[in-house]
Amino acid sequence: MQGSNSSAQTLVYSEDGKKSGSVGKAVPRIEDLKIIRGKGGYADDIEFADQHYAAFHFSPFAHAKIKNIDISKALELPGVIYVLTGEEVKKITNPMKSRAATKSPTSHYILAVDKVRYMGEPVVAVVAKTKYIAADAIDLIDVEYDPLPVVATIEDAMKKESELIYPEIGTNQLIEDHFKFGDTEKAFKEADKIVKDRIRIHRYASTPLETFVTSAFYDQTRDELLAYASDQQPGRTVGSIESTIKIPQSKIRLIVPQVGGGFGNKLAIWQYVALVSLLSKLTGKPVKWVQTRTESLYAFHRPRGFMDAEFALRKDGKILGARLTDWQADGNWPYVAALYSLIKFANMCGVYEIRNLDYSYHSVATNDPPIVQDRGVGKPFMSFALERMMDKSADALGIDRTIIREKNFVPAEKMPYTTFSGEVYESGNYPENFRRALNFSEYHEKLKLQEKLRKEGRYVGIGIACGIEPGTSNLGYYFLSKEGDPDYNGAGQMATVEMVADGTVKVNMNGPEIGTGHVTTIAQVVSDVFGLEPEDIIVDGWYDSVHGHLTYAGTYSNAFNDVYLGAVMKAATLLKEKILAIAASLKKENVEDLDIAEGHVFRKSDSEKLVGVKELAKISYGRLLSFPKDQDPGLKITASYVNKTAKPFHRDDFNVQLTHSNSTHICLVEVSPENWNVKILDYSIVHDAGKVINPGIVDGMAIGSTVSGIGGALYEEFLFDEQGNNLSLTFAEYMKPTAMESPEIKLDEMESPAPNTVFGTKAVGEGGAITSLGAIAGAVEDALKPFGVKISELPIKPEKLWEMVKDTDEYKKLTGGAN
Amino acid sequence: MYPTEFEYYRPKTLDEALELMKTVEEPKVIAGGQSLMPMLKLRFYEPACLIDLGAIPELKQVKLDEGGNLRIGAMVTHFEVIENGLIRENAPILASTAENIGDIQIRNRGTIGGSICEADPSADYPPTMFVLEASIVLLSKEGRRTVRIEDFIKGPYETDAREDEIAVEIIVPKSTDQYHVEKYARRKADFAVVSVAAIARTASDGSIEELRIAAGALTDGPERLKSLESALKGKKKDSVDLQTSISETVDALTPISDIHGGEEYRKYSLKMMLARVIKELIE
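Keeping their order, the protein sequence lines are chains A and B.
Sequential numbering from 800 applies to the first sequence in our numbering.
Sequential numbering from 108 applies to the second sequence in our numbering.
Next comes chain A alone, as it looks inside the complex (with noise of 0.2 Å):
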């Protein structure tokens, strides 16, 4: 565990404390000066010439056959100039396929063909040459629908007589697996008391300002495709492409320009990107399609579902064994299922020790839209299930809340702790960390004004939760059900950094810019090398699958500060060395005397300066006569970099995330009895991501993932009726919450380093959307205990606590029963 990864670790600089250097400081953002002005440059702003606009018809049913299409009117629309439908695609693409199942459907294509699964599926796709005339000739578009039965329900889609969703695989489950750890049939034969709940996780969805945007031209004289998109996972698109509409990679150059939002949402872009291309390459036209809000909220989201939860407890409140059966409704793009329900091996048992346990999975496929990683994936359903468990178990127990969890931590001796399945927790010190978050918020003193208020006639409750956020993904874990070695991971990136001929230092991390804070960081950490100061480095935010990339390039799970950081400095120390070594050539100095700073090569022990940097590159690039015979020309370094620490994947011993930042999250809510509406009075975090580089965006993302919880605890969900409609398809339905919902979030931070990333830091981003579920959950039953309230289920809306209270003696004294 505790090994080295490479020579980048040992060279981060300021061992020396000469130079205190810029890494651990709030330094603003550099990027934001663009974006606040409106030129961030997004997708959409960059335009081919003769650009034509796509549209979609998009199914308004969410199972039906499709018995005809009519395009002739369309095609008669001046401006159209090609509409594609799946006749065609079903002749010239293959269809879509599934990663962790190990039967894959055949009919499932990037178009729909002759059937429809969910209400939003694309159907028809029309090019024209503005958006208003693409519009238009949808509303021309006439799709004769033979609906089928809805598949509405986990329940619905396991019945016998269910109508399939996939007729060619036999079954609306499209994979179940079965794990067991330790002896947990002893530890429930051994318990002193057994807790049990179902605990169920409603649908909703991160939903970034930029929509997904993507255009394509396809260069017939070349035969190459340049596509731009807001993807986030741009290698695997590449790969996707490839798959489904047969460019080979070779011919695929694709671009992201800045991101205005990822969340994981678009890492589901990749079809859409795939059918934009097809359309370029069958019109010979460039072709762009901006979605727009509506059809953004169709899909892609989380999937929801329930977890039996069973707990083995000894009476002193420690949690003996476990049995937990996770039922996912994974919608039906079959190429995710089985995701929500793997990744919950990343935090299964949180910061507890639960050596015995059982786990089963099934991930079914309903008329629900498609699902896609979004925001920490199963982690936040985990999350919510344990800590819901944990004061279930206190509550059943008669202990308190806070005791049931000191008994349960993971001791910080045992750090780093391998937990029941293989995952390694590399450092932390739990204990410690709840202790602080107890002090912080001020947890003694809030149970006195608790007690006052109720005396009062007010509901006021304490919610707490400690949630694992893990970070970095080892992505193999699909391949725990099939044979063989993952086609791809997570675990390693690719960066280039160079010194051009002027002798400015240039960065180019070669992955997706989604508006976290990359470009400062990176300017951080490499003027750190160079002696600079961060407005100094040029950082460029695009990625290019030309510049190099390994398989899964992307900027997805929190896995920049280890996978990106670490690629950046191997290619910025392996470039300094190099300019090291030409200038002790050219000067005839010993490398190991000479550093790098403000501009300038200089001896170490008299600080005398031996040559710039300016006149350095250009004699690298240029004076190729007096350059040092032993060095070669140019300082252009591209680095790839692996955490060392992922492991194969044997079913009993597998990790599925490498590092594991911890938080505790206390708040106080209050119950309005005039509407049963939830109002937050005070949040607190004690948060520890390990060594943290910039503080300022640090905190900005651990407030920002949790306000995303309290938006999926008490506001957002996708509604369906008993059709599979979306009820859902503007903000007013869909309801985010607004600055003016989110409560001020007291942050504290801890630093436990990581041992396995370059500079100790570990996950962010995603830590406050995991954690806030159960401390919410927690804190609204404990407002609502003099009615007996208990919550199973989000989110907690105030008509759904209203009709749990108003059958209670307590409903009845508060309104005197009058109504």
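Worth double-checking, as some hints may not be accurate.
To be verified - Cut-off 25 Å, straight-line C-alpha distance, at most; resulting in silico cross-link-like pairs (DSS-like, lysine-lysine):
#	chain 1	residue 1	chain 2	residue 2
1	A	K1611	B	K386
2	B	K295	A	K1612
3	A	K1545	B	K295
Unchecked claim - Quick list of simulated restraints, FRET-style, between CB atoms:
#	chain 1	residue 1	chain 2	residue 2	range
4	A	R997	B	T326	30 to 38 Å
5	A	E962	B	R150	56 to 64 Å
6	A	R1113	B	T326	28 to 36 Å
7	B	S337	A	P946	48 to 56 Å
8	B	L149	A	K864	22 to 30 Å
9	A	D976	B	F151	43 to 51 Å
10	B	K333	A	R836	25 to 33 Å
11	A	L1526	B	R150	16 to 24 Å
12	B	L149	A	R999	26 to 34 Å
13	A	G1495	B	R150	28 to 36 Å
14	B	E387	A	R1154	56 to 64 Å
15	B	R252	A	K864	55 to 63 Å
16	A	D1606	B	T326	22 to 30 Å
17	B	F151	A	E960	20 to 28 Å
Keep in mind the hints are simulated off the structure, nothing from the lab.
Fair warning: this is a prediction, and the values are worked out from it, not measured in the lab.
Every residue gets a Cβ at the ideal spot worked out from N, C-alpha and C, and that includes glycine.
Go by the hints and put chain B onto chain A.
Only chain B this time, still in chain A's reference frame:
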């Protein structure tokens, strides 16, 4: 999210606007556009011609007439309603109502005339206009008429305005009595789930001299709660059975039922809000 094709006119005078209303095909007036623009983008409305009233200065004025009534131009923004000294002095309840509307961007662009003519049953202004007993002035080539707002709003999204008429002015009688205006929505910027506007005056002997109450977010549009008013008016404040009166009135109403709250839930919440608001006002 792309409107269908339409012709766009931006007249500089009222005369020009009235002429367009008569001559162009299927005219649709656009004021601040805060409701209409999303509707156009969703293609719920597909008007042939859009007439933008934004360039007519006289629609943006706030005046006090000889009778002491406020005359508020239809194109006065919500922001102006909040900030305007004349309004704050002569109808403070109206300024408070506008504070509840949407968010800053909406208040900067949305207008009082536009909102009333949209007649959204959950909008903020109507209950307040009902208790103020305000009127609206409609103008067309045929002439000018003044209609009480209670008669003007005929139902959800339905008004008394004819196709060739433009709402030009809202007439608001001066009111400086005690007032309370409140909406409950889960998010600050949303339309009301439950809303109440009320004004009250109590006499020195503790009797309720004047009381006007209206509620919004009801299926058939906003309503004056006349039965509740008459049950309480003239009574001494400690001799009324508030809970029974409120229950009887609210049970006869039909609140909107949608994903933001069902009918029974909204009734409960409206009762609770009314009880608190009235208690506060008469005490």
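To see whether the hints hold, each was checked on the structure:
Among the hinted pairs, A:K1611 with B:K386 is consistent with the structure: their alpha-carbon atoms are about 21 Å apart, no more than 25 Å. Distance restraint check for B:K295 and A:K1612: the Cα-Cα separation of roughly 30 Å exceeds the 25 Å cut-off, and the hinted pair is therefore not satisfied. About 22 Å separates the Cα atoms of A:K1545 and B:K295, which keeps this hinted pair within 25 Å; it holds. For the pair A:R997 and B:T326, the beta carbons lie near 36 Å from each other, so the given range of 30 to 38 Å is met.
Range check, A:E962 to B:R150: Cβ separation about 32 Å, and the 56 to 64 Å hint is violated. Taking 28 to 36 Å as the suggested C-beta distance range, the pair A:R1113 and B:T326 does not conform, at roughly 56 Å. As the Cβ distance of B:S337 to A:P946 is approximately 53 Å, the hint placing it in 48 to 56 Å holds. Look at B:L149 against A:K864: about 28 Å separates their beta carbons, and that is inside 22 to 30 Å.
Distance hint check: the CB atoms of A:D976 and B:F151 are about 47 Å apart, consistent with the given range 43 to 51 Å. B:K333 and A:R836 have their C-beta atoms about 55 Å apart, which leaves the hinted 25 to 33 Å range violated. Between A:L1526 and B:R150 the beta carbon distance is about 18 Å. The supplied range of 16 to 24 Å therefore holds. Against the hinted window of 26 to 34 Å, the Cβ-Cβ separation of B:L149 and A:R999 comes to about 32 Å, which satisfies the hint.
The given range of 28 to 36 Å is broken by A:G1495 and B:R150, whose C-beta atoms sit roughly 43 Å from each other. Between B:E387 and A:R1154 the beta carbons are some 59 Å apart, a value that agrees with the proposed interval 56 to 64 Å. A beta carbon spacing of about 56 Å between B:R252 and A:K864 agrees with the range 55 to 63 Å that was offered as a hint. Against the hinted window of 22 to 30 Å, the Cβ-Cβ separation of A:D1606 and B:T326 comes to about 26 Å, which satisfies the hint.
Take B:F151 and A:E960: their Cβ atoms lie about 40 Å apart, and the range 20 to 28 Å is violated.
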